[in-house]
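Chemist: Letter by letter, the chains look like this.
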Amino acid sequence: MRIAYYPGCEAKIIATEANKVTRMVLEKLGIELVELENAGCCGSMDLRLDNMSTVLTLGGRILALAEEIKAYKLLTVCNTCALNLNTAISVYNRDDAARAKLNEILSLCERRYNGTMDVITLPWLLIRLVGFISMRKATKKPLDKLRIAPFYGCHMIRPMKFYGFENSMKPSSIDVMIREFFDGQTLNYQGKSSCCGFHTLLTEEETSTGMIGYVIRNATSAGADCIVTPCAQCHTALDTYQQKALKEKGGKDSEIPVLHLSQLVGLAMGIAKEEMGFERHMVSPSRMLEGKGF
Amino acid sequence: MELGEMVEVKLFRFDPTIDQQPRYETYKVPYQSKMRILGALRYIADELGVEFAFRDYCGINRCGCCGVKVNGVPMLACWEPAQPKMVIEPLDNFKHIKDILVDRDEFDAMIERLNPRLVRRKVYPGFPEEITHEEMLSTFKLLDCIECGLCTSACPAVREVGLEVFSGPAAYVKLAMRALDPRDEGERTRTIVDNGVFHCVSCLNCTEVCPQGIDVFQDAIEPMKRIAVSQKAYKGHQAFNAVKETIKEYGDVNPLVLIKKVRGIWAIKDLGLAVKLGLKGKLTISQSANPGLSEINRTIEATEVKK
Chain Z
1 MRIAYYPGCE AKIIATEANK VTRMVLEKLG IELVELENAG CCGSMDLRLD NMSTVLTLGG
61 RILALAEEIK AYKLLTVCNT CALNLNTAIS VYNRDDAARA KLNEILSLCE RRYNGTMDVI
121 TLPWLLIRLV GFISMRKATK KPLDKLRIAP FYGCHMIRPM KFYGFENSMK PSSIDVMIRE
181 FFDGQTLNYQ GKSSCCGFHT LLTEEETSTG MIGYVIRNAT SAGADCIVTP CAQCHTALDT
241 YQQKALKEKG GKDSEIPVLH LSQLVGLAMG IAKEEMGFER HMVSPSRMLE GKGF
Chain A
1 MELGEMVEVK LFRFDPTIDQ QPRYETYKVP YQSKMRILGA LRYIADELGV EFAFRDYCGI
61 NRCGCCGVKV NGVPMLACWE PAQPKMVIEP LDNFKHIKDI LVDRDEFDAM IERLNPRLVR
121 RKVYPGFPEE ITHEEMLSTF KLLDCIECGL CTSACPAVRE VGLEVFSGPA AYVKLAMRAL
181 DPRDEGERTR TIVDNGVFHC VSCLNCTEVC PQGIDVFQDA IEPMKRIAVS QKAYKGHQAF
241 NAVKETIKEY GDVNPLVLIK KVRGIWAIKD LGLAVKLGLK GKLTISQSAN PGLSEINRTI
301 EATEVKK
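Protein chains in written order, with the working numbering: chain Z, 1 to 294; chain A, 1 to 307.
What the hints contain is simulated information worked out from the structure, not anything from laboratory work.
Be aware that a few hints might be false.
[As the list claims (entries may be wrong)] Straight line, CA to CA, 25 Å or less: simulated PhoX-like cross-link-like pairs of lysine-lysine:
#1 K137(Z) <-> K73(Z)
#2 K170(Z) <-> K85(A)
#3 K276(A) <-> K247(Z)
#4 K69(A) <-> K170(Z)
#5 K273(Z) <-> K276(A)
#6 K20(Z) <-> K280(A)
#7 K280(A) <-> K235(A)
#8 K244(Z) <-> K260(A)
#9 K161(Z) <-> K141(A)
Build out the structure end to end from the sequences listed, making use of the hints.
Modeler: Here it is in structure tokens:
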């Protein structure tokens, strides 16, 4: 199965460990991953405020690139990229006139989009395309000792009209996955489907750190060993700004490591933890993992 | 659920004049055909004879006063089906009066603060005024707002900064309804910025909980932000330009260049964090441009001409 892979700026430039581990894990699962190297930025939430048609066109170009290599689906490990690409899909896959306009612009770079591509994120790829039997076979090291707090991130589950895969206010896909595929324990805590505040980090930092603190404090008080997120941006916010967020609220709370979903899957599949890039995390999960026998 | 099966309702009870702490009381309600959450609440009040405070009026998703939080998600009690197990609590981000009844005064004041009415300076051309569907397209759906306040209650930004700083999504729906109206001549830019729309973190909770199906984020909040950014009224507007500039320069976002452009000399405040990130290898000084840069620039330029 050939999957086009679009890591997004965050995983490509800042959280490069997510990029590396995602490839490693999916290669072991027998998926042919082809990276769209010349894809570029999807426009994020910032360009949407400048000019929405630019974001749609950039998205359309990425979809065209994925179509060109005859991929079955387009995988991204960033939730906001998924949102932007899905917005483009909602316009171009249904509306022939809009697609004709897009192709007019894309013809400048000799590309063409036929409206057949679909975007998928990592949890759904593992659940829908790889499936229960293959995942159980691949699981070498059950995660039964880990108490995991899943953090979904906003744009992977909302808006529901783009996804419709699970309840957008009470998501469960990662919980089910961890419990059924890897025998892990997942926790219910407030803020599971809340926001990490990434998109205001540059402009209203205090709002963002407040939100990061909210998630961290709730996960810690629920007794979690680690937070797991499928989104590279959420990881950057929760991991990099964690110390700052906790300091602002008195600094009494303890730090909690934040893992990428791909890293957790890698751990369960028995990949050595030295290969996962844990040394690049601001809050190192090494001690926690050693204590749990990894 | 089957007829006569028991619905388990765990109800939030708190009377500030008597109680020290809020408590939860559990009631069993027999399921009736097509039962809504409000049906269960009414049963508890009428049939079980429990005295507790809640608000309801129309029962058909029109008056917007029966909002409650059920199993952690804000919803209209009159509109959502009863679930086998329900924890019913008052809405977040509102002051609690008693039990599941909330104080709407502050919420209403926030809407009022944004002055959401048509401002017309020119002489009224007489009736009927010609407005096409196309002109009203951006406001059409927003007119469905029933001011139930579910979006404001679900908003994490309001939770963090309070209604005083950020008036909440509901107030911006009311504002957008007028500001995007082709007949409106009001000066809205300052109102938009001063009421804190840029605290919005784009989490789309508001869109999801709306009982009227309004895309609150995409149809109301984003257009409002867009107006403020295009007028350069917001102090952080250079952040949005800087993202575009880095994309034009590198094809991807370059975090180091981006922070330098946004913060200017004040980037020095984040030096500690930047050094830590640099040591972890998360920031690279020499980021190479994306191989598709020229194509990306061509697409961006093509859309700019059309703007």
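Chemist: Against each hint, give a clear statement of whether it holds in the structure.
Modeler: Structure-based check of all given hints:
| no. | hint | verdict |
| --- | --- | --- |
| 1 | K137(Z) <-> K73(Z) | holds, 23 Å |
| 2 | K170(Z) <-> K85(A) | holds, 15 Å |
| 3 | K276(A) <-> K247(Z) | holds, 16 Å |
| 4 | K69(A) <-> K170(Z) | holds, 13 Å |
| 5 | K273(Z) <-> K276(A) | holds, 22 Å |
| 6 | K20(Z) <-> K280(A) | holds, 15 Å |
| 7 | K280(A) <-> K235(A) | violated, 31 Å |
| 8 | K244(Z) <-> K260(A) | holds, 20 Å |
| 9 | K161(Z) <-> K141(A) | holds, 16 Å |
Violated hints amount to a single one, hint 7; each of the other numbered hints is respected by the structure.
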